[in-house]
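Number of protein chains: 2
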Amino acid sequence: MTSQFIEMFKAGKGVVGIVGMGYVGLPLALRFSDVNVKVVGLDVDPEKVNALMEGKSYIHHISEAAIRKARAAGFTATTSPADFAHVDAILICVPTPLGVYREPDLSYIQGTMTSLKPYLRKGQLISLESTTYPGTTEEEIVTVVESLGLKVGQDIFVVFSPEREDPGNAHFNTQSIPKVIGGVTKNCLEAGLTVYEKAIDKLVPVSSTRAAELTKLLENIHRSVNIGLMNEMKIIAHKMDIDLYEVIKAAATKPFGFTPYYPGPGLGGHCIPIDPFYLTWKAREYGVHTRFIELAGEINSAMPDYVISRLSAALNDRSKSIHGSKILVLGVAYKKNIDDMRESPSMEILEHLIKLGASVEYSDPYVKKLPKMRKHDLKLSSLALNETMLPSYDAVLLATDHDSYDYAMIEKASQLIIDTRGRFDLRNKKVVSA
Amino acid sequence: MTSQFIEMFKAGKGVVGIVGMGYVGLPLALRFSDVNVKVVGLDVDPEKVNALMEGKSYIHHISEAAIRKARAAGFTATTSPADFAHVDAILICVPTPLGVYREPDLSYIQGTMTSLKPYLRKGQLISLESTTYPGTTEEEIVTVVESLGLKVGQDIFVVFSPEREDPGNAHFNTQSIPKVIGGVTKNCLEAGLTVYEKAIDKLVPVSSTRAAELTKLLENIHRSVNIGLMNEMKIIAHKMDIDLYEVIKAAATKPFGFTPYYPGPGLGGHCIPIDPFYLTWKAREYGVHTRFIELAGEINSAMPDYVISRLSAALNDRSKSIHGSKILVLGVAYKKNIDDMRESPSMEILEHLIKLGASVEYSDPYVKKLPKMRKHDLKLSSLALNETMLPSYDAVLLATDHDSYDYAMIEKASQLIIDTRGRFDLRNKKVVSA
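These protein sequence lines map, in sequence, to chains A and B. At position 76 of the first sequence (counting the first as 1) the number is 76 in the numbering used here, and the numbers step up by one without a gap. Add 434 to the 1-based position in the second sequence for the numbering used here, that's all there is to it.
Since the hints were derived computationally from the structure, they do not count as laboratory data. Ideal Cβ positions, reconstructed from N, Cα and C, are used throughout, including at glycine. It is possible that part of the hints are untrue.
Quick list of in silico lysine to any residue cross-link-like pairs, SDA-like style, CA-CA up to 25 angstroms [as the list claims (entries may be wrong)]: (1) A:K186 to B:L824; (2) A:K249 to B:K673; (3) B:K632 to A:A252; (4) B:K863 to A:A252; (5) B:K683 to A:A65; (6) B:K760 to B:L824; (7) B:K846 to A:H171; (8) A:K186 to B:K673; (9) B:K683 to A:E165; (10) A:K249 to B:V638.
Simulated coverage check for chain A against chain B, where a stretch passes if three residues somewhere in it have a Cβ under 8 angstroms from a Cβ of chain B [unchecked claim]: (11) 63-75; (12) 103-113; (13) 223-229.
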């Protein structure tokens with residue numbers, strides 16, 4: 001069975017089915033199409049499926065041309081799990097968010113397995129790409145497969161291969177980012193390598209699905225903790241009246257033993273604020289604690305409030321209150337040069353400022369209108385920045401430092417700048433680091 | 435005064451005096467000698483001074499040839515502060531340890547300033563290189579200078595320029611490691627740059643002595659926290675039966691956003707276990723906390739005990755107790771391929787094992803005899819490793835992974851290996867990760 005599967009993919013005949021047509025699944029689908037693998041995309045959202053079938057894009061950094069090209073090469077999208085009956089490799093790229101009590105929400109993975117269960121068969125491979133705690137692939141995929149009487153490693157292959165998408169990264173893409181992969185058995189790994197090597201330049205095999213699961217978590221835990229550390233250092237540097245950005249820049253000249261990470265207004269995106277808590281949750285089962293993760297979470301999630309306290313103090317120095325002030329927030333995407341707003345701390349800052357009685361507006365070249373979100377419906381549109389409108393705001397708060405902003409103009413025209421990104425000159429008295 | 439000072443050094447006439455002929459001061463003295471600057475080394479230890487005057491070395495990685503070469507070029511050493519009366523640039527490279535309550539011990543800096551005070555004069559530069567909290571240069575150097583009626587920036591120049599020595603680093607040395615420098619005034623910085631640019635390839639000026647002080651602390655805080663995080667992850671990985679070294683290696687294939695750090699048996703050396711607490715102490719003055727530093731300190735300092743608990747469990751699996759077992763510790767230097775034992779966790783492990791009733795020996799090609807240390811006097815000598823002696827030990831504990839060990843031979847010949855460095859194959863049942 002293993003050699004049959006491998007030969008089929010080597011001969012270019014295997015069909016790839018991707019579950020979840022979002023930030024991870026869609027680029028992966030396009031990449032497989034690019035190398036002439038037949039791809040079927042499955043999504044529960046009919047709007048996304050219709051858009052794809054019409055050659056349209058709903059993700060800023062993915063062009064319609066790329067989708068039309070894939071369509072011409074045979075890429076199709078569907079809302080029907082039944083269309084996966086003829087798929088040979090199933091790649092699951094669904095969200096793994098947190099519940100309200102910061103517990104893992106595996107409902108998308110479980111829903112996927114439930115809907116695909118009638119169509120699973122001998123000779124298929126299932127790869128889970130969603131970030132999750134060690135053990136998930138065995139607990140959520142293998143158990144379902146075995147309940148069908150299929151033997152993993154003989155009848156069907158199961159691997160975990162975490163996505164490493166980095167939207168907005170100009171240097172690396174789906175093809176060039178090395179991809180970690182671990183199999184339930186040696187045959188599983190071998191089958192998985194055969195599928196992915198068609199699309200990905202470099203694969204990194206590890207000894208188990210659990211090692212692969214922890215690898216992805218470790219990457220994001222490392223980032224969360226390092227950003228948390230810099231946020232704590234920022235608070236200390238503010239107290240000591242030292243410019244932490246200058247210090248980080250100087251420390252980064254050490255050619256070994258130091259890697260720069262930067263503070264900010266809080267964590268955003270679908271990975272860094274969420275993934276680490278998957279390990280926290282699972283660790284409890286083993287009676288161990290993830291204290292660095294908890295501390296980073298605590299400090300990072302307090303950042304929007306800290307930024308507002310710095311704004312409040314700066315306004316107070318000018319005998320103003322937040323209540324009644326006009327405040328312009330620059331940047332609502334969760335990181336620079338992209339349109340992705342998931343978990344963006346700017347939303348929390350905007351909403352908090354409104355509660356405190358400020359009159360708020362925003363400007364973000366990537367986000368024309370604030371979409372309705374799970375927690376927020378602010379009904380604001382992005383304003384164009386210029387020398388005429390900027391002076392009318394009591395404070396301009398830089399939350400996300402898109403490169404396209406005209407920083408010199410903004411610094412010149414604004415009354416007061418609250419800078420959470422180290423972009424403005426702190427020697428200028430109207431600039432306050434936050 | 436500034437231009438006079440600068441011209442003097444540019445013309446190669448300035449004399450450099452270095453206080454402290456240790457791991458930092460001696461390489462710096464040799465480097466200045468190399469570029470034909472006249473150097474006087476001051477140390478309170480007459481044995482060091484005598485050794486240097488006789489062209490002998492007391493530091494493993496510094497050759498006698500290098501010292502003899504410097505001597506021939508005019509380098510002298512002295513125990514007498516009076517010999518600094520004719521020195522133009524005073525570079526202070528003395529220790530800044532912690533007291534028993536983890537409070538900064540600035541007594542070496544203060545002692546230096548007291549002994550030099552009678553010989554300070556117009557036209558000199560003082561550079562502090564010792565790692566310390568922001569504000570030290572102003573509080574400990576500037577106040578002394580001003581008490582003499584000398585005006586900083588006009589009569590005398592004061593800078594902070596932290597050492598970045600990394601003993602055993604094959605790629606970078608005193609000359610090639612970029613050096614951060616901050617002046618009390620603009621003139622101070624300019625004078626300091628003129629002195630150091632003779633010896634150092636790349637200087638990194640920052641806006642103040644306090645920014646330079648925080649830069650050095652940030653570098654070591656970053657390391658301490660990242661190692662602490664990996665030590666916590668190691669404990670979790672052990673519980674989940676995942677090889678953390680494999681996971682770190684896989685994560686390190688991500689070409690952005692991740693930097694590998696490694697767990698170990700505890701922190702060693704004169705920097706990482708100590709420096710971060712200088713900031714912790716100073717932060718209290720400002721009413722802020724350094725929680726990442728405290729957490730890293732707590733986890734890192736618990737590592738020797740954790741390693742012993744893993745050893746104890748592995749012996750227990752073999753129906754043995756630590757009491758009465760023969761245990762061989764590999765590596766007593768604080769890091770690999772060097773002879774430096776300061777703060778080495780191996781010492782704590784050795785002493786703890788003795789207390790528990792084990793019969794301990796050690797092997798370290800860099801440390802022939804265990805020196806008497808502040809806390810320990812174990813009177814042990816390094817044993818030669820071979821296939822005949824290794825099987826006689828109930829356990830071999832790898833604490834410091836010198837590259838010169840014959841790991842294959844050790845793995846083959848030992849009964850049980852406790853590996854704190856990820857050097858042995860965990861699939862081998864006699865290898866236990868710790």
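Hint check results:
1. A:K186 to B:L824: violated (35 angstroms)
2. A:K249 to B:K673: With Cα atoms ~38 angstroms apart, K249 (chain A) and K673 (chain B) exceed 25 angstroms; violated.
3. B:K632 to A:A252: The given pair, whose Cα atoms are some 23 angstroms apart, holds under the 25 angstroms limit.
4. B:K863 to A:A252: Measuring from Cα to Cα gives roughly 42 angstroms; hence the hint is violated.
5. B:K683 to A:A65: Status violated; Cα separation ~37 angstroms.
6. B:K760 to B:L824: Measuring from Cα to Cα gives roughly 10 angstroms; hence the hint holds.
7. B:K846 to A:H171: The hint is violated at about 45 angstroms.
8. A:K186 to B:K673: holds (24 angstroms)
9. B:K683 to A:E165: Answer holds: K683 (chain B) to E165 (chain A) is near 19 angstroms, not above 25 angstroms.
10. A:K249 to B:V638: holds (10 angstroms)
11. 63-75: Violated - the stretch 63-75 of chain A has 0 residues with a Cβ nearer than 8 angstroms to chain B, which falls short of three.
12. 103-113: Our answer is that it is violated, as 0 residues pass the Cβ test (under 8 angstroms) against chain B, missing three.
13. 223-229: With 5 residues in contact (Cβ-Cβ under 8 angstroms with chain B), the coverage given for the stretch 223-229 of chain A holds.
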